[in-house]
Amino acid sequence: MENNRKVLFSIKDLNVKFSLRGQMLHAIRGISLDIYEGESLAIAGESGSGKSVLMKNLIGLLDKNGRIESGSIMYNGKDLAKFKNEREWRTIRGSQVAMVMQDPMTSLNPLKTVGWQVSEALRYNQNKRGNEAKQCAVEILADVGINDPERRYNQYPHEFSGGMRQRVVIAIAMACNPRLLICDEPTTALDVTIQAQILQLLKELQAKYNLTMVYITHDLGVVANVADRIAVMYAGDIVEIGTCDEVFFNAKHPYTWALLSSLPQLGERKSDLFSIKGTPPNLFFGVRGDAFAVRNPLPMAIDFLHRPPYFQISPTHKARTWLLDPRAPALEPPEQIESIKDI
Amino acid sequence: MGKDVVLSVRDMEVTFGARRKKFVAVNGVSFDVYQGETFGLVGESGSGKTTIGRAIIRVNPTSRGDVFFKGQRINGRISRELDRKVISEIQMVFQDPMASLNDRAKVDYIVSEGLRNINKSLSAKERRAKVGQMLSEVGLLPEFASRFPHEFSGGQRQRIGIARALIMEPSFIIADEPISALDVSIRAQVLNHLSKLQKERNLTTIFISHDLAVVRFITDRIAVLHKGVLVELAETETLFNNPLHPYTRALLSAVPLPNPIKEKQKVLTIYNPLQHDYSTDKPMWVEIEPNHFVHGNAAELEKYRAITDGKCSD
Numbered sequence: 031m032e033n034n035r036k037v038l039f040s041i042k043d044l045n046v047k048f049s050l051r052g053q054m055l056h057a058i059r060g061i062s063l064d065i066y067e068g069e070s071l072a073i074a075g076e077s078g079s080g081k082s083v084l085m086k087n088l089i090g091l092l093d094k095n096g097r098i099e100s101g102s103i104m105y106n107g108k109d110l111a112k113f114k115n116e117r118e119w120r121t122i123r124g125s126q127v128a129m130v131m132q133d134p135m136t137s138l139n140p141l142k143t144v145g146w147q148v149s150e151a152l153r154y155n156q157n158k159r160g161n162e163a164k165q166c167a168v169e170i171l172a173d174v175g176i177n178d179p180e181r182r183y184n185q186y187p188h189e190f191s192g193g194m195r196q197r198v199v200i201a202i203a204m205a206c207n208p209r210l211l212i213c214d215e216p217t218t219a220l221d222v223t224i225q226a227q228i229l230q231l232l233k234e235l236q237a238k239y240n241l242t243m244v245y246i247t248h249d250l251g252v253v254a255n256v257a258d259r260i261a262v263m264y265a266g267d268i269v270e271i272g273t274c275d276e277v278f279f280n281a282k283h284p285y286t287w288a289l290l291s292s293l294p295q296l297g298e299r300k301s302d303l304f305s306i307k308g309t310p311p312n313l314f315f316g317v318r319g320d321a322f323a324v325r326n327p328l329p330m331a332i333d334f335l336h337r338p339p340y341f342q343i344s345p346t347h348k349a350r351t352w353l354l355d356p357r358a359p360a361l362e363p364p365e366q367i368e369s370i371k372d373i
Numbered sequence: 013m014g015k016d017v018v019l020s021v022r023d024m025e026v027t028f029g030a031r032r033k034k035f036v037a038v039n040g041v042s043f044d045v046y047q048g049e050t051f052g053l054v055g056e057s058g059s060g061k062t063t064i065g066r067a068i069i070r071v072n073p074t075s076r077g078d079v080f081f082k083g084q085r086i087n088g089r090i091s092r093e094l095d096r097k098v099i100s101e102i103q104m105v106f107q108d109p110m111a112s113l114n115d116r117a118k119v120d121y122i123v124s125e126g127l128r129n130i131n132k133s134l135s136a137k138e139r140r141a142k143v144g145q146m147l148s149e150v151g152l153l154p155e156f157a158s159r160f161p162h163e164f165s166g167g168q169r170q171r172i173g174i175a176r177a178l179i180m181e182p183s184f185i186i187a188d189e190p191i192s193a194l195d196v197s198i199r200a201q202v203l204n205h206l207s208k209l210q211k212e213r214n215l216t217t218i219f220i221s222h223d224l225a226v227v228r229f230i231t232d233r234i235a236v237l238h239k240g241v242l243v244e245l246a247e248t249e250t251l252f253n254n255p256l257h258p259y260t261r262a263l264l265s266a267v268p269l270p271n272p273i274k275e276k277q278k279v280l281t282i283y284n285p286l287q288h289d290y291s292t293d294k295p296m297w298v299e300i301e302p303n304h305f306v307h308g309n310a311a312e313l314e315k316y317r318a319i320t321d322g323k324c325s326d
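One line per chain: the protein sequences are A and B, in this order. Final position of the first sequence in my numbering is 373; the numbers increase by one with none missing. Final position of the second sequence in my numbering is 326; the numbers increase by one with none missing.
Since the hints were made in silico from the structure, they are not lab data. Treat the hints with care, since some could be wrong.
In the BS3-like style, the derived pairs of lysine-lysine whose C-alpha atoms are separated by at most 30 Å in a straight line are [what the hints assert, rightly or not]:
{"id": "1", "chain 1": "A", "residue 1": "K371", "chain 2": "B", "residue 2": "K142"}
{"id": "2", "chain 1": "A", "residue 1": "K233", "chain 2": "B", "residue 2": "K137"}
{"id": "3", "chain 1": "A", "residue 1": "K164", "chain 2": "A", "residue 2": "K94"}
{"id": "4", "chain 1": "A", "residue 1": "K307", "chain 2": "A", "residue 2": "K112"}
{"id": "5", "chain 1": "A", "residue 1": "K371", "chain 2": "B", "residue 2": "K239"}
{"id": "6", "chain 1": "B", "residue 1": "K137", "chain 2": "A", "residue 2": "K371"}
{"id": "7", "chain 1": "A", "residue 1": "K238", "chain 2": "B", "residue 2": "K276"}
{"id": "8", "chain 1": "A", "residue 1": "K142", "chain 2": "A", "residue 2": "K112"}
{"id": "9", "chain 1": "A", "residue 1": "K307", "chain 2": "B", "residue 2": "K97"}
{"id": "10", "chain 1": "B", "residue 1": "K278", "chain 2": "A", "residue 2": "K142"}
{"id": "11", "chain 1": "A", "residue 1": "K142", "chain 2": "B", "residue 2": "K276"}
{"id": "12", "chain 1": "B", "residue 1": "K15", "chain 2": "B", "residue 2": "K278"}
{"id": "13", "chain 1": "A", "residue 1": "K238", "chain 2": "B", "residue 2": "K274"}
{"id": "14", "chain 1": "B", "residue 1": "K97", "chain 2": "B", "residue 2": "K278"}
{"id": "15", "chain 1": "A", "residue 1": "K233", "chain 2": "B", "residue 2": "K276"}
{"id": "16", "chain 1": "A", "residue 1": "K307", "chain 2": "B", "residue 2": "K137"}
{"id": "17", "chain 1": "B", "residue 1": "K276", "chain 2": "A", "residue 2": "K348"}
{"id": "18", "chain 1": "A", "residue 1": "K86", "chain 2": "B", "residue 2": "K276"}
{"id": "19", "chain 1": "A", "residue 1": "K36", "chain 2": "B", "residue 2": "K276"}
{"id": "20", "chain 1": "B", "residue 1": "K118", "chain 2": "A", "residue 2": "K233"}
{"id": "21", "chain 1": "B", "residue 1": "K274", "chain 2": "B", "residue 2": "K294"}
{"id": "22", "chain 1": "A", "residue 1": "K348", "chain 2": "B", "residue 2": "K137"}
{"id": "23", "chain 1": "B", "residue 1": "K97", "chain 2": "B", "residue 2": "K137"}
{"id": "24", "chain 1": "A", "residue 1": "K36", "chain 2": "B", "residue 2": "K239"}
{"id": "25", "chain 1": "B", "residue 1": "K278", "chain 2": "A", "residue 2": "K348"}
{"id": "26", "chain 1": "A", "residue 1": "K112", "chain 2": "A", "residue 2": "K164"}
None of the values given here were measured: they were computed from a predicted structure.
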């Protein structure tokens, strides 16, 4: 079924490095990923696992000291990895791909009215001016659930609550009808009740405009709410990818097991919550073998020597772990993640 | 129940500004905290959870009401000795480990600053020994004392914040969103550490958070705040299984479940504050069943009572 769907973005063997204090940091270590049209994909992982860096490659917002070492990102017959200057990026950014940033407090300009900031996108990308731009911006503000958009148009960000600000940020992203919307931790800075409303809004917009969505998040509750597919990232690599149900109920990679086990909902009251020992590997030095091996409670000898390939579990589900090799000992996932079904 | 009340807050009101710009952040809040328990304080941002915590440790002055700690009134004007006692017995762990540590001070100074002020008789050597011991107790190395905060990760910084609170040997800790700024895996480490220390030292804790999954995991009782007013207070499982106030229900329904099947079918409850008609019938704070308090007027309480009675007869 997956094969019939149109691939919107195709990332092939992408390597991204950053130069920091004279050293090279290997942030993305050979990722291949297809993003299908109309799907919502969630990228989950710890901070520093490279989830934001991976997605910033699609919109040309990689930090100055970072560069694509090798690999390709195909979109519409063009290779985004070969883009050199801002002019090329401007054909993609905004009109094809837009991004919602994490913190609505810092991603808006406090000195400009909200309306100005929404219509700015229209001026740049669709060459709309004056009243036409304003009319359009008011419609978009109404679309993202802001009451009384005519009056709100002339207000400044400080007059908006956190949830309303995030709606404005979404309005700016939606202004140019992008095909792909990247939401980088869209609700981390918000309260649970507001979070639920924003996720609801994003899902409505997706259905209405047939958007393709990528959510970057470390909150597995959010993932469960929005995602069709989940990619679990660890140390600059996708260690497991599959449909939402496959990853939650039939996870294969020990890191995914660890991530699921640390859910507070699975903990037993008054006993210790599961925590992953140690820290993620230092990507300044090359990683040998399976990056998770050192933190894995039950590693195998081969984990320290050779990097595992992907093992296909189902047409939509694959994981990078030697445990799936036919020669590996059978290892059952930890008991507690079985009870996710009962939450 | 035979539990000892350590901290008792009665009709607390905290206001900011004066006259026309007056803003009531906390309005008539009353609750008791028992010895050795973990008391959760939840609510959306701006509901006044942090303000309550800060009013207890006397950072924000109260404009009405009383706070009693071990039987003594500690808000308003108090004697110098009592102030010192409060400072050393009640300590706070702050939310953002990036912002709450002095960038220009070494860890040694940050952790020992309280000791310098309260326990002046301590020699420099003894103090250093204490800092080292405290650092190892929160899972850091004593050598870290000579480093600056920027050299640490978020989880480590939060542990420095915890060490700074614990070095005063408090019996009461107010943890203000101690894990909100941390990553999933680090979060578990810090939580486990807090609960371990709590068991070892028989600490009483007020745990302020908006992450209800975590609150459910670690607290004994929960108080729900909405716009500066306590709307419900109950034992954790009672509150999760049998919420009465419509705001509590809305809050609980919004908690994301890490189960894709259930989460995608979930129906959100929306809370509309206008559903209460308090124009003639004034609301009260009532113990509706043992240890379960709720805010409502006579008509609403009638309804809530029907729910709790129905539950009991099942």
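Verification of the supplied hints:
With a CA separation close to 47 Å, the supplied pair K371/A and K142/B exceeds the 30 Å bound. Note on K233/A and K137/B: the hinted pairing is violated, with a Cα-Cα distance of about 60 Å set against a maximum of 30 Å. With a CA separation close to 34 Å, the supplied pair K164/A and K94/A exceeds the 30 Å bound. Proposed proximity of K307/A and K112/A is contradicted: the alpha carbons are some 39 Å apart, above 30 Å.
As the CA atoms of K371/A and K239/B are separated by approximately 35 Å, the hinted pair breaks the 30 Å bound. At roughly 55 Å between alpha-carbon atoms, K137/B and K371/A are farther apart than 30 Å, so this suggested pair is violated. A threshold of 30 Å between alpha carbons decides the hint, and for K238/A with K276/B the separation of about 18 Å falls inside it, so the pair holds. Distance hint between K142/A and K112/A is unfulfilled; the C-alpha atoms sit about 35 Å from each other, more than 30 Å.
Between K307/A and K97/B, the direct Cα distance comes to roughly 38 Å. Violation of the 30 Å bound is thereby established for this hinted pair. A distance of roughly 38 Å separates the Cα atoms of K278/B and K142/A; the hinted pair therefore is violated under the 30 Å criterion. Note on K142/A and K276/B: the hinted pairing is violated, with a Cα-Cα distance of about 38 Å set against a maximum of 30 Å. Among the hinted pairs, K15/B with K278/B is inconsistent with the structure: their alpha-carbon atoms are about 38 Å apart, more than 30 Å.
Taking the CA atoms of K238/A and K274/B, the gap is near 23 Å; set against the 30 Å cutoff, the hint holds. The straight-line distance between the Cα atoms of K97/B and K278/B is roughly 49 Å, outside the 30 Å bound, and the hint therefore fails. Restraint check: the Cα-Cα separation between K233/A and K276/B comes to about 11 Å, which is no more than 30 Å; the hinted pair holds. Pair hint K307/A plus K137/B does not hold up; C-alpha atoms about 33 Å apart against a cutoff of 30 Å.
For a cut-off of 30 Å, the pair hint linking K276/B to K348/A stands: about 23 Å separates their Cα positions. This hinted pair checks out: K86/A and K276/B have alpha carbons roughly 28 Å apart, not beyond 30 Å. Proximity of K36/A to K276/B is assessed by CA-CA distance (about 25 Å); at most 30 Å being required, the pair is judged to hold. Taking the CA atoms of K118/B and K233/A, the gap is near 47 Å; set against the 30 Å cutoff, the hint is violated.
With a C-alpha separation of about 39 Å, the suggested pair K274/B and K294/B falls outside the 30 Å cut-off, and the hint is violated. With a C-alpha separation of about 57 Å, the suggested pair K348/A and K137/B falls outside the 30 Å cut-off, and the hint is violated. Taking the CA atoms of K97/B and K137/B, the gap is near 24 Å; set against the 30 Å cutoff, the hint holds. Simply put, K36/A and K239/B have alpha-carbon atoms about 48 Å apart, too far for the 30 Å limit, and the pair is violated.
Between the alpha carbons of K278/B and K348/A the distance comes to roughly 28 Å, so the proposed pair stays at or under 30 Å and holds. With a C-alpha separation of about 36 Å, the suggested pairing of K112/A with K164/A is violated against the 30 Å cut-off.
Hint compliance for this structure: hints 1, 2, 3, 4, 5, 6, 8, 9, 10, 11, 12, 14, 16, 20, 21, 22, 24 and 26 are not met, and every other hint is.
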